[in-house]
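Q: Since the structure of chain A is provided, determine the placement of chain B on it from the hints.
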Amino acid sequence: DQQVKQNSPSLSVQEGRISILNCDYTNSMFDYFLWYKKYPAEGPTFLISISSIKDKNEDGRFTVFLNKSAKHLSLHIVPSQPGDSAVYFCAASDTGRRALTFGSGTRLQVQP
Amino acid sequence: SQTIHQWPATLVQPVGSPLSLECTVEGTSNPNLYWYRQAAGRGLQLLFYSVGIGQISSEVPQNLSASRPQDRQFILSSKKLLLSDSGFYLCAWSVLGHEQYFGPGTRLTVT
Chain A
1 DQQVKQNSPS
11 LSVQEGRISI
21 LNCDYTNSMF
31 DYFLWYKKYP
41 AEGPTFLISI
51 SSIKDKNEDG
61 RFTVFLNKSA
71 KHLSLHIVPS
81 QPGDSAVYFC
91 AASDTGRRAL
101 TFGSGTRLQV
111 QP
Chain B
113 SQTIHQWPAT
123 LVQPVGSPLS
133 LECTVEGTSN
143 PNLYWYRQAA
153 GRGLQLLFYS
163 VGIGQISSEV
173 PQNLSASRPQ
183 DRQFILSSKK
193 LLLSDSGFYL
203 CAWSVLGHEQ
213 YFGPGTRLTV
223 T
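Residue numbers (the numbering used here), protein chains in the order written: chain A, 1 to 112; chain B, 113 to 223.
Excised from the complex, chain A in its bound form:
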């Protein structure tokens, strides 16, 4: 049973435009959500996170939105740059367990 789902395996956008990556979850115990970026043959790099008490968190070009009623979060990258091309993983955790549950990832390609 996939508790964290990224339904789009890939996304292609033009440089300078907005990239929107989506993630859905089913476990209502999740109270913290994270996005990671991964290049091939490297470990994931932490990007940005959001607590369930917030609905938005912003860090430079990256903004994460959380809609708890819909159990949905999204990562916005504005403006997109070719260096953003990577696989993006959504992850969720609950305070009691402390382990992360990952989605299957979305491959973002930013075209110059």
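No wet-lab data here; the hints were simulated from the structure. No experiment lies behind these values; they were computed from the predicted model shown. Warning: the hint list may mix true and false statements.
[Claimed, not checked] Some, not all, of what chain B presents toward chain A, calculated at C-beta under 7 Å:
hint	residue
1	119
2	156
3	161
4	196
5	199
6	207
7	208
8	211
9	212
10	216
11	217
Just so you know, even glycine gets a beta-carbon here, dropped at the ideal spot from N, CA and C.
A: Relative to the frame of chain A, chain B by itself:
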């Protein structure tokens, strides 16, 4: 600053052979430690996590085991590898927050 090391970077092993992957963390004390596996084209699957020396929680029953002999050392082992054990193995650490920080990974190919 904290750093995390994993070795080896790549490994090719025959079916039935043993496995030992090592992970060490520097610059922090009493971290939570994790082993994940990413199979080809898949997401990251949590295998084991540890909140302290000798304390191991297994998430998925399988052909692998983990040990934490020292505070900042985490070892992933197998007595006999299967073809299905092939994948990209990642070690991660965390302290107070939810954020986990990953090592560079080990690419394991079982032939």
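Q: Hints first: check each against the structure and report whether it holds.
A: The hints, checked one at a time:
no.	hint	verdict
1	119	violated (13 Å)
2	156	holds (4 Å)
3	161	holds (5 Å)
4	196	violated (18 Å)
5	199	violated (12 Å)
6	207	violated (11 Å)
7	208	violated (10 Å)
8	211	holds (5 Å)
9	212	holds (6 Å)
10	216	holds (5 Å)
11	217	holds (5 Å)
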